[in-house]
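Enquirer: Start from the sequences, fold in the hints, and give me the full structure.
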Amino acid sequence: RVAHSLERSVATELHALALEGARLQVRFTETEGRPLSATGWDEVEFFLAANPGEELRPLARVASGGELSRIMLALKTLTAAEDRSASLIFDEVDAGVGGAVAEVIGRKLRQLGSRRQVLSVTHLPVIAAFADHHIGVTKHMQNGRTVSSARPLSSTERVAELARMLGGQLTREAREHAEQLLRLTAGKGTRTSTGA
Numbered sequence: 001r002v003a004h005s006l007e008r009s010v011a012t013e014l015h016a017l018a019l020e021g022a023r024l025q026v027r028f029t030e031t032e033g034r035p036l037s038a039t040g041w042d043e044v045e046f047f048l049a050a051n052p053g054e055e056l057r058p059l060a061r062v063a064s065g066g067e068l069s070r071i072m073l074a075l076k077t078l079t080a081a082e083d084r085s086a087s088l089i090f091d092e093v094d095a096g097v098g099g100a101v102a103e104v105i106g107r108k109l110r111q112l113g114s115r116r117q118v119l120s121v122t123h124l125p126v127i128a129a130f131a132d133h134h135i136g137v138t139k140h141m142q143n144g145r146t147v148s149s150a151r152p153l154s155s156t157e158r159v160a161e162l163a164r165m166l167g168g169q170l171t172r173e174a175r176e177h178a179e180q181l182l183r184l185t186a187g188k189g190t191r192t193s194t195g196a
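FYI, the numbering for the sequence shown is 1 to 196, going by our numbering.
These aren't lab readings, by the way, just hints derived from the structure by calculation. Quick caveat, the model's predicted, so the values are computed rather than measured. Any given hint could be a false lead.
Have a look at the derived ranges for each label pair, beta carbon to beta carbon [as the list claims (entries may be wrong)]:
#1 E179 / Q117: 33 to 39 angstroms
#2 S149 / Q169: 22 to 28 angstroms
#3 G21 / E179: 32 to 38 angstroms
#4 F28 / A81: 21 to 27 angstroms
#5 T146 / G53: 46 to 52 angstroms
Glycine included, C-beta positions come from ideal geometry on N, C-alpha and C.
Expert: Written out as structure tokens, the structure reads:
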């Protein structure tokens, strides 16, 4: 019963994440004679049909990186709804996507941020532009070891970072594009943070 409810809820979330017509199915395999463990008696496997008319196949074998990213975002969205105090951390949930789908993911992260703290590591400028706070992450060598550091970016630094993410070169055009991206995503009334 719970699995069927999860399937319906995930289908709704996947539709909102530009996977219209995708179906996720939860299948149980009873393992007779198996001792009871922390995971129970049954084996559970997710099956996916990413497009209408496709056969359901094991998720682990057929999902692309972009599909896996969106399925994880859908599942996290649903599980976070149960825990109002949860902070959500996404490490490159946008892997394997771009363009319009990245914008959909950015909007979903922003929507989640209206209800709880959301931290997202991303390399996509459109995702970063949806955040209320942008944290720059850098790596450097110190005493023969790689050290990572993170710090909040000022408005000017944020534009420069988005411009760098857009094209690598900090040209006038890249800065203008970064500023336009921030204007287009501004004012949605949520609190999210992103790191790049």
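Enquirer: Do the Cβ positions of E179 and Q117 conform to the proposed distance bound of 33 to 39 angstroms?
Expert: Given range 33 to 39 angstroms: violated, Cβ gap about 26 angstroms.
Enquirer: Between T146 and G53, does the C-beta distance stay in 46 to 52 angstroms?
Expert: 47 angstroms, holds
Enquirer: Mind checking the hinted window 22 to 28 angstroms against the Cβ distance between S149 and Q169?
Expert: Because 24 angstroms falls inside the window, the suggested range holds.
Enquirer: Should the hint that G21 and E179 are 32 to 38 angstroms apart at their CB atoms be regarded as holding?
Expert: This hint holds: roughly 37 angstroms between Cβ atoms.
Enquirer: Note whether the CB distance of F28 and A81 lies within 21 to 27 angstroms or breaks it.
Expert: Since the Cβ atoms of F28 and A81 sit about 24 angstroms apart, the hinted range of 21 to 27 angstroms holds.
Going down the numbered hints, you'll see the structure goes against just number 1.
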